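Colleague: In case you want the letters, here they are:
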Amino acid sequence: MSDIASRVKAIIVDKLGVDETEVTPEASFTNDLGADSLDTVELIMEFEKEFNIAIPDDQAENIGTVGDAISYIEENAK
Amino acid sequence: MELKRVVVTGLGAITPLGNSIDELWNNLINGVSGAAPITRFDTTNFKTKFACEVKNYNSNDYFDRKEARKLDMFAQFALIAAEQAVQDSGIDLESIDLDEVGVIWGAGIGGIQTFTEEVRAFVTGNGTPRFNPFFIPKMIGDIAAGHISMKFGFRGPNYNTVSACASSTNAIGDAYNLIRLGKTKVFVTGGSEAAICEAGVGGFNAMQALSTRNEDASTASRPFDKDRDGFVMGEGGASLILEEYEHAVARGAKIYCEVIGSGMTADAHHLTAPHPEGLGAKNVMKMALKDNDTKPEDIDYINVHGTSTPRGDIAETLAIKEVFGEHAYNLNISSTKSMTGHLLGAAGAIESIACILAIKNSIVPPTINHFTDDPEIDPKLNMTYHKAEKREVKAALSNTFGFGGHNASIIFKAI
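Residue numbers (UniProt numbering), protein chains in the order written: chain A, 1 to 78; chain B, 1 to 415.
Keep in mind the hints are simulated off the structure, nothing from the lab.
The structure presented is a predicted model; accordingly, all values stated were derived computationally and were not measured.
C-beta atoms are modelled at their ideal positions from N, C-alpha and C, and glycine is treated no differently.
Heads up, a few of these hints could be off.
Quick list of simulated restraints, FRET-style, between CB atoms [what the hints assert, rightly or not]: (1) A/S28 with B/Q87: 56 to 66 Å; (2) B/N214 with A/S6: 23 to 33 Å; (3) A/K78 with B/D99: 48 to 58 Å.
Dumping the calculated EDC-like pairs for lysine to aspartate or glutamate here, alpha-carbon to alpha-carbon at most 20 Å [as the list claims (entries may be wrong)]: (4) A/K49 with A/D32; (5) A/K15 with B/D227; (6) B/K66 with A/E74; (7) B/K47 with B/D227; (8) A/K15 with B/E117; (9) B/K66 with A/E75; (10) B/K70 with A/E46; (11) B/K70 with A/E74; (12) B/K70 with A/E75; (13) A/K15 with B/D64; (14) A/K49 with B/D64; (15) B/K151 with A/E46; (16) B/K70 with A/D3; (17) B/K66 with A/D58; (18) A/K15 with B/D97; (19) A/K15 with B/E67; (20) B/K66 with A/D3; (21) A/K49 with B/E117; (22) B/K55 with B/E198.
Residues from chain A shown here face chain B by an in silico Cβ test under 7 Å; the list is partial [said to hold, decoys possible]: (23) V13; (24) G17; (25) D36; (26) L38; (27) I44.
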């Protein structure tokens, strides 16, 4: 697992209070991991902070799964 | 239209004197002080270094981590106290009409710790406004009432009352009045506060409202003592279930007592100082007595606001003497803030519980920490100093007064 993927998963486990085994690339924040709309906003903010990037709102809307988040950050993190 | 009778059918509390009703009452009648050095933040630079904290509090004992992160401590205390009260009432959540259960909560300040953390993160950052999406719904004072409704599914009237240290008495008064009017059958009411943080203590210190007796914390809350030097901050939550009498009887509920009066007035005088002759305090007790034509002689016990501030304590005793006349000397009076500290918006709820249990158990909890009489306070008044007194309490009145000149009283009567 890449460094980015493990850091993303750690944030999700911490913020959503879910078990690490549930955080698979296909897992949807809202459908599988119990996040509501505010949780999702908080996750995006945590990713921005952790990886020192800015995720524009129109991009954030497309990040619905753990895998979406990892690929977006891999492409955009410096 | 005939007004309904209102009774108390459940109690719950998490307080500086214990995290259950039994523990709280036991400590109240044994004259235990809840004051100790502050553990929640570094007090090195603060004038006041002690308070009445809820002891050994760990949110994970009550909430899972994800839930706790979204709840300011004032809302956590609210949920804990409300859950105890709902359980104590024996309400069956499966069979009760959830549209007929409301929540009126009293928090005077709300999530001041959450506010502090979020603003601190912003001002120490690079100017980008990265506020947490839970900032506002964690901080706002009404959220405790919202959380209680969501936890149990109670769909009746739902709001928070804000009148500083009178907040939860106003909440209980509103719940009483709405049941009397037939609007709702049952209310979860009470109050909570969690302001023992840098901004809370620093803010009240700046007003010179807090005791600074750091060397002797457990005797610092000394209402009516000549050397009182301010209040001692407390925290916690306390909850009461108010219920329409016939509804309680029909479901075979345990009934603690009846609520027979509520008053609410303003001093219209000063931001923080009480009216010197206790005008608003006098009017509010009279208004509460009037609800059911209660005579002053019917009251046996007054749980006073009595915060241990120099002027407030005097004004309140003057008001009591004026309302109760000669009967003032037959009353038992006590300030349980001498033990619990001042729970701010939750004061009215925890002190209502002291009144209700005084009626139930025929014991008046004491005013501890009395050393020197104040010449400005009538020594013939029985302040129940030092030790609890056995006494049949047929009716008890609780006073609370808040910054802004808000006064609220509530009367409980044996049934």
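Colleague: So which of those numbered hints doesn't the model satisfy?
Modeller: 1, 2, 4, 5, 6, 9, 11, 12, 14, 15, 16, 17, 18, 20, 23, 25 and 27
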